[in-house]
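Protein chains: 2
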Amino acid sequence: MSVIGVSSQVTSAGNPAFNSQPNGVPSSTSSAPIGMTPELEQTLALLSSHRSVLGYMLLSRGHPVSIIRHSGGVFDGEHGKKYAGVVARIVETVQAGLEEINGGENEGDDVKFLRIRTKRHELMISPDGRYLLAVLHEPS
Amino acid sequence: MSVIGVSSQVTSAGNPAFNSQPNGVPSSTSSAPIGMTPELEQTLALLSSHRSVLGYMLLSRGHPVSIIRHSGGVFDGEHGKKYAGVVARIVETVQAGLEEINGGENEGDDVKFLRIRTKRHELMISPDGRYLLAVLHEPS
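So the protein lines, in turn, are chains A and B. According to our numbering, the first sequence holds residues 374 to 513 in order. According to our numbering, the second sequence holds residues 374 to 513 in order.
Hints may be right or wrong, so weigh each one.
It does not matter which identical chain is used: a pair holds within one copy or between any two.
Claimed, not checked - Under the rule of at most 25 Å between Cα atoms (straight-line distance), these lysine-lysine pairs were calculated in the BS3-like manner:
(1) Lys485 to Lys455
(2) Lys485 to Lys454
(3) Lys455 to Lys492
These are calculated hints, taken from the structure and not from any lab test.
Make a model of the complete structure from these sequences and hints.
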């Protein structure tokens with residue numbers, strides 16, 4: 374089961390990123406440009422409430438990738454855009470690598486989850502058909 | 374601490390890959406072209422003894438990447454070479470991404486460990502300054 378339980382439509386990929394709403398449940402007014410399932414809302418709220426989580430980004434796949442929603446200062450502004458591009462590129466490289474390895478045999482293989490431990494942080498990426506969820510956290 | 378505890382020198386990057394010796398401790402005759410630390414030997418033997426482990430590859434970083442040693446049919450021959458290239462490319466993409474994100478600030482960040490869960494397998498990559506250890510296993 375995917376971590377991203379998005380089943381609704383993104384009506385416009387060019388929507389500006391939401392401001393972060395770390396622990397609140399966003400209102401369901403018509404100003405919300407995408408339909409978020411309650412499961413996704415819950416997952417994102419839960420993520421943000423973890424003290425070790427520095428932030429998350431929900432991205433819409435495409436060229437260029439767009440930030441649908443984010444939380445955490447680390448993903449603000451230009452830095453966030455850079456991060457989004459890097460996350461998208463990593464997922465593409467891994468997926469292209471799998472395709473090369475499987476060489477069209479059978480039905481191929483798909484990336485389900487990526488965990489990147491760096492000297493400072495841990496970046497977790499959960500790809501979906503049309504979305505990417507990236508979470509940055511600080512391991513203790 | 375790195376999973377790869379290689380401290381000795383690779384005397385020639387062009388050495389042919391070793392045949393796999395899944396559970397045995399390789400002889401220490403002069404025919405062994407690289408110096409393997411006992412810790413690395415132990416780690417590789419332990420890895421191979423796990424039933425869920427389909428194989429490992431110890432790679433020497435460089436262009437092109439070369440297979441120092443491998444185990445498991447999945448990493449044999451051309452398929453193994455393809456895998457090695459893909460593993461190296463993934464690590465390079467992640468490392469380049471980190472450099473882009475950190476933009477030369479401070480001392481930068483480094484990839485320590487990568488875990489890629491796919492529909493079928495899990496690929497774990499542990500990069501070192503000059504080596505890469507890749508392990509493919511089948512989660513139950």
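Status of the hints after comparison with the structure:
Within a single copy, Lys485 and Lys455 get their C-alpha atoms as close as 23 Å, and across copies as close as 21 Å, so both meet the 25 Å cut-off. When the C-alpha separation of Lys485 and Lys454 is checked against a cutoff of 25 Å, the pair qualifies both within a copy, at 23 Å, and between copies, at 24 Å. Taking the closest pair of Cα atoms, Lys455 and Lys492 come within 25 Å of each other only inside a single copy of the chain (19 Å); across copies the shortest separation is 28 Å, beyond that limit.
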